[in-house]
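Respectively, the protein sequence lines represent chains A and B. Quick note on numbering: the first sequence equals residues 1 to 351 in UniProt numbering. Quick note on numbering: the second sequence equals residues 1 to 351 in UniProt numbering.
Because the hints were derived from the structure by calculation, they are not lab data. Treat the hints loosely; a few may be bogus.
Any copy, or any two copies together, can satisfy a pair, since identical chains are not distinguished.
[Stated by the list, open to error] Derived pair list, reagent style SDA-like, types lysine to any residue, alpha-carbon separation capped at 25 Å: (1) Lys-250 x Gly-272; (2) Lys-60 x Leu-243; (3) Lys-96 x Leu-123; (4) Lys-12 x Asn-275; (5) Lys-219 x Gly-272; (6) Lys-220 x Asp-61.
2 protein chains.
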Amino acid sequence: MVKSRQWLLNAKATGLPTIEGDNPTFKLVETDLPEPKDDEVLVKLTYLSNDPAQRGWISKDADPDRLYVPPVKEGSPMNARGLAEVVESKSSSFKKGDTVIASTGWSEYAVLPAKQLQPTPDLPGGKGKTHYLGALGLTGLTAYFGLTEVVGTTSDDTVVVSGAAGATGMMAVQIAKNILGCKRVIGMAGSDEKCKWVESLGADLCLNYKSSSFEEDIKKALPAPDGFANVYFDNVGGSITDLMLNRMAKYGRISCCGAISNYNNSGDATYGIKNWFEIIIMRLQCKGFIVLDYMDKYPEAREVFRKALEDGKLKIDEGEQIVKGGFEDVPKTWLQLFSGGNTGKLVTAIQ
Amino acid sequence: MVKSRQWLLNAKATGLPTIEGDNPTFKLVETDLPEPKDDEVLVKLTYLSNDPAQRGWISKDADPDRLYVPPVKEGSPMNARGLAEVVESKSSSFKKGDTVIASTGWSEYAVLPAKQLQPTPDLPGGKGKTHYLGALGLTGLTAYFGLTEVVGTTSDDTVVVSGAAGATGMMAVQIAKNILGCKRVIGMAGSDEKCKWVESLGADLCLNYKSSSFEEDIKKALPAPDGFANVYFDNVGGSITDLMLNRMAKYGRISCCGAISNYNNSGDATYGIKNWFEIIIMRLQCKGFIVLDYMDKYPEAREVFRKALEDGKLKIDEGEQIVKGGFEDVPKTWLQLFSGGNTGKLVTAIQ
Ligand SMILES: NC(=O)c1ccc[n+]([C@@H]2O[C@H](COP(=O)([O-])OP(=O)(O)OC[C@H]3O[C@@H](n4cnc5c(N)ncnc54)[C@H](OP(=O)(O)O)[C@@H]3O)[C@@H](O)[C@H]2O)c1
Ligand SMILES: NC(=O)c1ccc[n+]([C@@H]2O[C@H](COP(=O)([O-])OP(=O)(O)OC[C@H]3O[C@@H](n4cnc5c(N)ncnc54)[C@H](OP(=O)(O)O)[C@@H]3O)[C@@H](O)[C@H]2O)c1
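Using the sequences plus the hints, can you model the full thing?
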């Protein structure tokens with residue numbers, strides 16, 4: 001029997017999730033895990049993926065009829081994806097020592113059905129397997145399909161990417177500029193330093209949305225009549241998206257990927273999109289998507305990434321921020337997503 | 001030389017346009033019109049089309065870079081479409097007595113280039129030519145293309161139409177139910193009486209959005225998990241659209257036709273869409289459109305309408321509200337659009 005520390009969901013969240021105080025969102029416990037049964041595997045978490053979407057799974061006001069992933073129940077371990085090492089296997093598909101991707105949750109160890117584990121073939125150039133959590137995993141795929149399948153981005157397009165210094169955003173910028181060869185690619189991020197980094201990845205320009213001149217900057221960067229954006233890859237929602245509705249060219253396409261600026265709000269505190277009428281007069285398309293819908297096409301995207309890496313068109317080692325810490329810091333590290341603490345994919349190394 | 005009364009735009013509008021008071025939006029004047037030159041025609045206005053879009057053309061805060069029709073200048077006659085009779089013609093295409101559709105503006109008489117006039121062939125069954133301003137004109141075409149080309153509505157769809165008792169809405173309801181054969185068609189309108197009328201046109205149900213139970217009614221009418229709407233034909237925007245985002249089925253399509261609930265607001269007073277995140281998690285598509293973009297296909301739609309009229313699938317005589325009044329009441333009648341004064345197409349008969 002293995003003892004494992006786990007972070008449980010203690011109380012569903014309304015605002016910013018908490019770790020301390022009276023009734024914190026998360027609670028650290030120690031549990032005895034069951035022995036793995038036939039076709040099950042015991043894994044030890046090594047790296048944890050930090051994802052804004054996890055906030056949605058613990059929302060107090062989320063309507064269960066409208067969630068694409070089942071919500072986390074109070075008293076259950078927090079859900080999360082991680083890179084893990086097989087410790088004991090009752091399956092012929094995996095053996096001790098294998099590295100796998102799995103929904104381990106916030107748990108040092110986990111017992112899982114073998115069919116829920118994904119293998120992690122060695123990467124060319126000796127690149128770290130943590131990339132399977134980010135650039136070469138779901139966030140990279142999100143950027144790829146959000147630009148290609150969702151809004152059919154081509155080299156003729158002027159593309160704007162919000163959350164450009166994040167895991168998904170930094171891939172969207174590079175895919176748009178370096179793989180699809182888009183005419184102009186403009187990023188938006190939360191500091192001048194992040195913006196410089198986004199430009200170093202290939203963006204023609206990156207705007208700091210926290211600057212007091214942001215509203216003018218965005219008008220200057222996307223001037224009427226021919227400088228408007230054709231594609232907006234939206235990671236953030238809220239007031240930035242509202243401004244962007246006003247900067248889209250006729251027939252512009254918005255790839256609605258995320259709305260992180262609103263994830264910790266609720267109900268009336270949510271920022272309301274006021275420029276809705278622009279959708280009509282400029283004949284815009286706003287298309288929401290979930291990367292999981294493109295699972296059939298993951299191999300095609302991975303092949304594009306492989307080739308782009310070979311051709312030096314993708315920088316991914318720079319796009320990973322690995323935070324080393326104790327298991328007790330797992331929620332604290334995750335919360336950095338909402339204060340802009342990360343540049344590139346935020347990964348927690350479990351020590 | 002002909003004398004004509006005209007309603008001029010006196011002052012661009014911020015809130016609800018005004019006719020009286022210190023600095024009214026509109027002002028009645030009398031002018032001498034020039035003689036028609038070669039290829040020009042003098043017409044006399046007989047019926048006026050009343051359109052919510054006219055509000056956009058006189059907005060103080062409208063950005064000229066983002067208008068699809070040039071704004072009306074202060075001191076110029078208010079722009080409008082009407083049915084008119086040719087009084088004098090210097091063109092071989094039209095002769096005295098012909099009835100035409102033209103952008104006459106709010107003007108008793110107008111001198112216009114012949115190439116800007118549209119002929120009005122007689123309608124089957126002796127139907128009135130005012131239908132060229134509504135059901136068989138732009139609002140009918142808007143409903144048709146908004147459902148077909150924009151969001152590809154099929155018989156499998158549950159369709160919701162807001163502003164269902166208006167000119168566009170009453171056609172959208174009938175096209176969805178009686179021509180496209182949609183599974184379920186639900187209207188929304190501003191009174192119980194209007195709702196009954198919308199149901200008499202073919203809607204399976206019509207909800208009064210002014211009822212205090214509207215929020216519950218809409219949940220009941222579109223229940224989870226299988227009762228959600230696949231298509232939302234949106235004439236109104238604002239809080240109704242916000243609620244609808246919450247009632248769309250996975251992969252639902254929103255045909256963004258209008259946002260009348262916000263036309264008399266400006267800037268901060270505009271209702272903000274708070275349920276934007278639903279676009280992402282439910283993979284919705286919001287597609288704005290302008291009917292003028294489908295001009296090439298008008299003949300195809302007119303043919304569909306002709307056949308549907310023959311087959312008794314379209315009620316249009318009931319869908320026309322002709323207000324008889326003096327020319328001095330033109331703005332007052334137009335303003336009824338914003339207080340729900342009309343059922344069906346609002347037409348002003350100039351006496
Ligand atoms: N549709 C899908 O299938 C799918 C899949 C994966 C991710 N997503 C979405 O994509 C977005 C990015 O996710 P990610 O995993 O790549 O995370 P991420 O971008 O690496 O991390 C979050 C970043 O968002 C920015 N941010 C935080 N609060 C903000 C606010 N109030 N306004 C603007 N920016 C804010 C911060 O950067 P700054 O310093 O720039 O503020 C932060 O670093 C999220 O909305 C997520 O839900 C969607
Ligand atoms: N995209 C295009 O190409 C195109 C073309 C034509 C029209 N349109 C748009 O389509 C919509 C309908 O136009 P229409 O010509 O058919 O006019 P209409 O619907 O006949 O007249 C306006 C109706 O809107 C309703 N309304 C007024 N204020 C409202 C509010 N605050 N909230 C909800 N409903 C309100 C009223 O009915 P109730 O009693 O039900 O409130 C009123 O009778 C407008 O938004 C217009 O701009 C778009």
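One pair to classify: Lys-96 and Leu-123, alpha carbons no more than 25 Å apart. Within, between, both, or neither? within (20 Å within a copy, 81 Å between copies)
Pop the pair Lys-60 and Leu-243 into one bin, within, between, both or neither, using alpha-carbon distances up to 25 Å. between (29 Å within a copy, 19 Å between copies)
Check Lys-219 against Gly-272 for me: Cα-Cα at most 25 Å, and say if that holds within a copy, between copies, both or neither. both (21 Å within a copy, 21 Å between copies)
Cα distance capped at 25 Å. Does Lys-220 pair with Asp-61 within a copy, between copies, both, or neither? between (39 Å within a copy, 19 Å between copies)
Alpha-carbon proximity context of Lys-250 and Gly-272, limit 25 Å: both (23 Å within a copy, 22 Å between copies)
My question is about Lys-12 and Asn-275: at a cut-off of 25 Å on alpha-carbon distance, are they close within one copy, between copies, both, or neither? Result: close only across copies, 20 Å inter versus 32 Å intra.
Checked against the numbered hints above, the structure violates none of them.
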